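Could you put the whole structure together from the sequences, leaning on the hints where they help?
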Amino acid sequence: MNIATKAAHIGLDRETRTGAVTVPIYQTATFRHPGLGQSTGYDYSRSGNPTRQALEEGIANLEGGCRGFAYASGMAAITSLMFLFRQGDHLVVTEDLYGGSYRLFEKIFQQFGLSFTYVDTSDITLVQEAIRPNTRALFVESLTNPLLKVADVEGLAALCKERKLLCIVDNTFLTPYLLRPLDLGADIALYSGSKYLAGHNDTVCGLVAVKDPELAEQVYFHQNGVGAVLGPQDSWLTIRGMKTLTIRMDRQQENALAIANWLTGHAGVGKVYYPGIAGHPGHHIMKSRGKGFGAMIAFEVTEPHLVNRLLLKTQLISFAESLGGVESLITFPQVQTHADIEPETLDRLGINHLLLRLSVGIEDKDDLIADLAQAFEEGEHP
Amino acid sequence: MKFATELIHGGNPIDPEHGSLSHPIYLSSTFAQRSMDHFGRYDYARSGNPTREALEEAVAKLEGGSTGLAFASGMAAITSTFLIFAPGDHLVVCEDVYGGTFRVLSTLFKGWGLQVTFVDATDKGAIAAAIRPETKALYLETPSNPLIKIIDLAAAAALAKEKGLLTIVDNTFMTPYLQRPLELGCDIVLHSGTKFLNGHSDVICGFAVTGDPELGQRLRFVQNAFGAVLGPQDCWLVLRGLKTLKVRMEESQSSAKQIVSWLQEQKAVAKVYYPGLPEHPGYQTHMAQASGPGAVLSFELKNYDITKRLLEGVKLAAFAVSLGGVESISPTPPRCPMPPCPRPSARRAASRTPW
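Chains as they are written, first to last, in this note's numbering: chain P, 1 to 382; chain D, 383 to 737.
Because the hints were derived from the structure by calculation, they are not lab data. Fair warning: there could be bad hints in the mix.
Said to hold, decoys possible - Straight line, CA to CA, 20 Å or less: simulated DMTMM-like cross-link-like pairs of lysine to aspartate or glutamate: (1) P:243 to P:367; (2) P:271 to P:250; (3) D:625 to D:435; (4) P:107 to D:471; (5) P:107 to D:596; (6) D:492 to P:89; (7) P:243 to P:327; (8) D:506 to D:544.
Said to hold, decoys possible - Listing some non-contacts, in silico: residues in chain D with all C-beta distances to chain P over 10 Å: (9) 401; (10) 415; (11) 458; (12) 472; (13) 513; (14) 517; (15) 546; (16) 602; (17) 638; (18) 665; (19) 673; (20) 680; (21) 682; (22) 685.
On a predicted model such as this, the values are computed, not experimentally measured, just so you know. Idealized CB from N, CA, C, for every residue including glycine.
Quick look at the structure:
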């Protein structure tokens, strides 16, 4: 079945009593037992809730995993997964990582005795060299934030298998529509569902899909034990958002390619990072996957004052954190999403005072380009 | 402001824009910024959401604290609180702690090197004896779940202060209406808000409250970094639930007292545990630190057949896991498909429970 069909059918056929075509919102904390030693399959909503379960089955189905999990945020999903590890364990991690993941690893889990080595995961050799005897996992962003480096997930997953490492892929920027990490050999696919999956900038949530049933049991143990679960109303909104994943993404990619091309020719723009542009180092691998290039663009402006102008003069593109929704957003990674990473590291990576990140929405592309064009022009912002 | 008024108006500043009496539900994951140098009060909803903030402030005020934080579940609040500690740190925990808390301590945090000693915390001497140089906190529940043991919070907090430890209290069973641990010298109050605070068995949520600004910052850092936050619609439901906290607690407590008297007269009942009974060993302590005995009681039946008959035969009290809602609920701790609540000896042997 095509992913568009699977997505549109999330939660369907679950409600046998009334035949409702959308899953009901089970706003309940607990469930009545039919008898002693008996259960309806649901006991307590932290442990399992039918609305959340419809979403969890939905993400598992889109990913080809055996089981899915929904969390209160993307960070709650990542934190819950970190509980799979123990003191002394080491992880190899993508270097231009989302700042929230970096903060969690360095400020909380390092204190608990985990260690992390950050490398350019678009280069398998560097990953290989970073593996130590106590390495337990690779944590990789399939398309990095904000520099849009492309990881060879298949190659990395094969390396992980050979070295007996858990391969965890943060696939937030690509979604299962553009890349299915589990099909390529990864063990866990991870999402900030707040982004493309929910897709409407209205829900904060995290999603995980796991391939192996035994690993899924462990992930479930921590989901229930730690209890960072997603509530039923947010679960329902996320299901509702996921139904339009493919059509939103199609339009967002189309818009992004047009904007990236327009930016490339603009006098006020330096480097443009977008894998859909032929010179981008990840262009070939994304092209070979044949699904498109995503809808995130990072670009450098030529003058520092242009940063302020673009952030504040754009009318349709909001200056706000987050990404992946139907509305276009612009952010300044150095001081927003990546503020928790040391300045030297940011400089080395190229996340500098000229770099802006654009999350392209589903507005008309001509309107978006016109909005950027007027923002580049001189004059007071309103 | 009196408690009943605080409940209605505390978490609910009237919306300045439209005058709405009920707080708006801000279903927004992000907030547009107007300046590059000075971000607005809200930027990303994991870090702060106006609906969640209204609830957090309301719960903080009710507990007499300055920082309140809302989490996706009681366990998320508890786990987030444990994350302020470091490997090698040691906690002294009351032995009949909630099974879910026991599970994270004995599996997850044990794996991370956080050390725990479970003690009978009704005995101040036992707490004192368990304190080591690396001890960082006492973790207490009173009345305990399910044996309704009573811990002297002021005495425990005084001991903790003397030794430079934090006192953390799970106040789920009492709510700030009946017991305010921060006023007794404790440092952090935790709640499964799923229970009495929300009170309608329709939301899973948790809270942490503290009166110490520095501790508040540490907890807020973990809340944002870990991100186990409560969604805005659930926050709104809890704000709504809080408004009836006092009337619900009073009614439930009054019913609990009557049920206790009735149970005591039944031949099939072997023992009744309720802190409102003068013969309860913790009666004096409880009535000194709380303004009522609450609405949770445990009782022992004379044999298993009667237990089974009772659970399957009750029509109004739902046989289910949880508590604190407007509906009566009767779980059986040792067999419930929930974190088991075995005796301390059995607990030491417990490893990973499947739920």
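Hints, verified against the model:
A C-alpha spacing of about 26 Å is found between residue 243 of chain P and residue 367 of chain P, which places the hinted pair above 20 Å, so the restraint is violated. For a cut-off of 20 Å, the pair hint linking residue 271 of chain P to residue 250 of chain P is broken: about 25 Å separates their Cα positions. Simply put, residue 625 of chain D and residue 435 of chain D have alpha-carbon atoms about 16 Å apart, close enough for the 20 Å limit, and the pair holds. Restraint check for residue 107 of chain P and residue 471 of chain D: satisfied, since their Cα atoms lie roughly 17 Å apart, inside the 20 Å limit.
Proximity of residue 107 of chain P to residue 596 of chain D is assessed by CA-CA distance (about 17 Å); at most 20 Å being required, the pair is judged to hold. Using a Cα cut-off of 20 Å, the hinted pair residue 492 of chain D and residue 89 of chain P holds, with the two alpha carbons roughly 15 Å apart. Restraint check: the Cα-Cα separation between residue 243 of chain P and residue 327 of chain P comes to about 17 Å, which is no more than 20 Å; the hinted pair holds. Between residue 506 of chain D and residue 544 of chain D the CA atoms are separated by roughly 13 Å; this keeps the pair inside 20 Å, and the hint holds.
Non-interface call for residue 401 of chain D relative to chain P: holds, since the shortest CB-CB distance, roughly 24 Å, exceeds 10 Å. Taking the minimum C-beta to C-beta distance to chain P, about 5 Å, the non-interface status of residue 415 of chain D is violated against the 10 Å cut. The beta carbon of residue 458 of chain D sits about 4 Å from the closest Cβ of chain P, which is not more than 10 Å, so the claim that it is off the interface is violated. Chain P leaves residue 472 of chain D outside its interface by the beta-carbon criterion, the shortest separation being 15 Å against a cut-off of 10 Å.
Listed as outside the interface, residue 513 of chain D is consistent with that label: its C-beta sits roughly 23 Å from the nearest C-beta of chain P, beyond the 10 Å cut-off. Non-interface status of residue 517 of chain D relative to chain P is upheld: no Cβ of that chain comes within 10 Å, the nearest being about 18 Å off. With a cut of 10 Å on Cβ distances, residue 546 of chain D stays outside the contact zone with chain P, its closest approach being about 20 Å. A cut-off of 10 Å between C-beta atoms confirms that residue 602 of chain D is not in contact with chain P; the least separation is 13 Å.
Residue 638 of chain D, annotated as away from the interface, keeps every beta carbon of chain P farther than 10 Å; the closest lies near 19 Å. The beta carbon of residue 665 of chain D sits about 30 Å from the closest Cβ of chain P, which is more than 10 Å, so the claim that it is off the interface holds. Listed as outside the interface, residue 673 of chain D is consistent with that label: its C-beta sits roughly 26 Å from the nearest C-beta of chain P, beyond the 10 Å cut-off. No Cβ of chain P approaches the Cβ of residue 680 of chain D within 10 Å, the least distance being about 17 Å, so the stated non-interface status holds.
At roughly 16 Å, the least C-beta separation between residue 682 of chain D and chain P is larger than 10 Å, which holds for a residue marked as non-interface. For residue 685 of chain D, the condition that its CB be more than 10 Å from all CB atoms of chain P holds, with the nearest at approximately 13 Å.
Consistency note: the structure conflicts with the earlier hints numbered 1, 2, 10, 11.
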